[in-house]
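The primary structure of each chain is shown beneath.
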Amino acid sequence: DAGVTQSPTHLIKTRGQQVTLRCSPKSGHDTVSWYQQALGQGPQFIFQYYEEEERQRGNFPDRFSGHQFPNYSSELNVNALLLGDSALYLCASSLAGVEGYTFGSGTRLTVV
Amino acid sequence: GENVEQHPSTLSVQEGDSAVIKCTYSDSASNYFPWYKQELGKGPQLIIDIRSNVGEKKDQRIAVTLNKTAKHFSLHITETQPEDSAVYFCAASILTGGGNKLTFGTGTQLKVEL
Chain H
1 DAGVTQSPTH LIKTRGQQVT LRCSPKSGHD TVSWYQQALG QGPQFIFQYY EEEERQRGNF
61 PDRFSGHQFP NYSSELNVNA LLLGDSALYL CASSLAGVEG YTFGSGTRLT VV
Chain S
1001 GENVEQHPST LSVQEGDSAV IKCTYSDSAS NYFPWYKQEL GKGPQLIIDI RSNVGEKKDQ
1061 RIAVTLNKTA KHFSLHITET QPEDSAVYFC AASILTGGGN KLTFGTGTQL KVEL
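Protein sequences, first through last, are from chains H and S.
Going letter by letter, the first sequence gives residues 1 to 112 in the working numbering.
Going letter by letter, the second sequence gives residues 1001 to 1114 in the working numbering.
Keep in mind the hints are simulated off the structure, nothing from the lab.
One thing to keep in mind: the hints can contain errors.
[To be verified] Examples of chain S residues lying across from chain H (beta carbon under 10 Å, computed):
1) 1019
2) 1043
3) 1102
[Stated by the list, open to error] Straight-line Cα separation of at most 25 Å, DMTMM-like style, residue types lysine to aspartate or glutamate; simulated pairs:
4) S:1111 <-> S:1027
5) S:1071 <-> S:1002
6) S:1058 <-> H:99
7) S:1071 <-> S:1015
8) S:1068 <-> S:1027
9) H:26 <-> S:1005
10) S:1037 <-> H:52
11) S:1042 <-> H:75
All of these numbers come straight from a predicted model, not from anything done at the bench.
Glycine included, every Cβ here is placed at the ideal spot set by N, Cα and C.
Given only the sequences and the hints, what does the whole structure look like? Please build it.
In structure tokens:
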């Protein structure tokens, strides 16, 4: 049984560019959440998607946007990249109403 | 919003000893407290969790305790082994029908020495 799959695993972008990260949830899960983890810090909640809609959002600017597709997979888009956006981006899936996230291994984004 | 503090930031123990990691939370409405283990190059892995209607939960060598009055919860690992070496994160959440975002602590780097 495949867990949460994220792509790509690593990415280098230039300041000002745009990036799209992808996530396939664990089989049977219908809710996808995205977290940003800076080096040496705990993950910070970006937003959560359920039934193709953004259900909750953390304290991140509008440059961060997302999408959930009918097959429950999800994308995270970041526009106008800043050096401070360099981090590990984690996708987590869960089943609505049931606690317990399953995290992917993340996408390491480096902005230069 | 919720704020979670975690201590210590680093912890070194001898193999076979016990390790304790402590967290405090600020929002009394939080009712779900998971613990995650993160190994290098991997995403966080859920190792144990507890809901606010329970004071203690144990799973083999791992246990979690919760003091709702003091807003404290702790992770206890007994008989530590080298493979327990990793970064551990506590988190707090308010479980609702509308989803449950996790607020994480800053992590504890646990090193189990031979």
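Consistency of the hints with the structure:
| no. | hint | in the structure |
| --- | --- | --- |
| 1 | 1019 | 18 Å, violated |
| 2 | 1043 | 4 Å, holds |
| 3 | 1102 | 6 Å, holds |
| 4 | S:1111 <-> S:1027 | 31 Å, violated |
| 5 | S:1071 <-> S:1002 | 12 Å, holds |
| 6 | S:1058 <-> H:99 | 18 Å, holds |
| 7 | S:1071 <-> S:1015 | 30 Å, violated |
| 8 | S:1068 <-> S:1027 | 10 Å, holds |
| 9 | H:26 <-> S:1005 | 30 Å, violated |
| 10 | S:1037 <-> H:52 | 29 Å, violated |
| 11 | S:1042 <-> H:75 | 20 Å, holds |
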